[in-house]
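By UniProt numbering, the letter at position 266 of the sequence shown is numbered 266, and the numbering carries on one by one without gaps.
Worth flagging that the hints you see were computed from the coordinates, not collected in a lab.
Take the hints with a grain of salt, since some may be wrong.
With a Cα cut of at most 27 Å, we get these calculated BS3-like pairs of lysine-lysine [unchecked claim]: (1) Lys123 x Lys242; (2) Lys210 x Lys242; (3) Lys141 x Lys210; (4) Lys247 x Lys282; (5) Lys242 x Lys259; (6) Lys47 x Lys141; (7) Lys242 x Lys282; (8) Lys290 x Lys259; (9) Lys210 x Lys247; (10) Lys290 x Lys47; (11) Lys247 x Lys301; (12) Lys251 x Lys282.
Here the structure is a predicted model, which is why all the values come from computation and not from measurement.
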Amino acid sequence: MIPPVQADPSELVIVLLLAYALDMVFCEPPAAIHPVVWMGRLISFFKKHVPKTHRKLYGIFMGLTTILFGSLIAYLVMLFMGIENIPSPLRYLVAAYFLKATFAIRCLYGAADEVRKELDAGKLDGARQKLSMYVSRDTSKLDESHISSAIIETTSENYVDGILSPLLFYACFGPFGLIAAYVFKATSTLDSMVGYTDERHRDMGWFSAKLDDVLNWVPARLSVLFISAATLTVRLFYHGIKVPDYKSAFKSGLADGLKTPSPNSGFPMASVAGALRIKLEKPNTYVLGKGFIYPVSEDIKLTSWITLIAAFFAIIVSLFTILT
């Protein structure tokens with residue numbers, strides 16, 4: 001009989017290290033073979049068939065179905081891992097591929113770098129166009145400061161739901177880690193597609209948004225520690241004009257973490273604002289680091305480095321969690 005789970009922590013470690021390597025080398029797989037894209041297509045199908053009544057109940061059904069679908073993907077991968085006749089390297093590589101789909105480190109860095117290069121070249125329109133691919137706000141009239149702010153906000157916010165949370169779910173649930181990571185990723189994908197407060201999505205996305213808040217609650221607050229530690233590391237090795245402040249990162253993360261409409265997104269954003277002593281502002285919504293100055297291109301670069309190092313720390317902590 002095929003074992004239903006990966007029981008050996010050493011296997012979980014190998015899969016995680018391979019997944020990290022795949023992410024850093026290849027970034028994202030093609031859409032046709034991307035598990036998160038599959039979940040997104042299922043959600044899109046549900047969005048096309050929303051009833052006129054009982055929309056909240058429909059949203060709960062949509063959410064649970066999507067989460068079940070994601071869990072099934074992970075479970076099938078675990079079954080594959082249990083087939084002893086298949087060479088171990090191939091089993092590990094397949095599991096690593098599916099785990100890698102739950103987090104995105106290199107692509108998060110790449111998005112920030114694309115916007116920064118447009119700003120450095122003096123191409124505001126190009127920067128606005130690149131930015132519009134990664135944020136939901138209107139970018140058509142943003143100046144350099146608000147473009148820099150927006151990409152820093154989305155980079156730091158996505159550190160939690162795009163890196164830290166799926167890694168911690170994988171690490172903390174032992175042999176069921178891959179399923180836990182896919183439960184989280186399905187929830188995060190649901191929230192990104194239907195978790196809005198406008199009239200169309202309010203009831204349909206209520207369940208998805210609330211569950212996403214619950215699942216990200218602990219990782220968001222832990223992100224202050226990871227970002228502060230990463231800021232200290234950058235401070236030791238970065239030789240630019242600005243010197244990041246890890247103490248301010250920690251203080252600002254705690255002080256301003258709840259100043260955003262979301263109960264979670266403010267913590268990593270406020271921590272980065274404190275680290276770089278910059279003001280992050282979404283007009284008519286929130287201001288983080290109110291006493292600081294607006295960011296510039298160099299701050300985008302520093303945010304990318306802080307995020308990369310914080311992601312590496314998340315990998316290390318996940319490895320230790322699996323082995324303890």
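### Query
Any hints this thing doesn't respect? Which numbers, in order?
Hints 2, 3, 6, 9 and 10 contradicted; others consistent.
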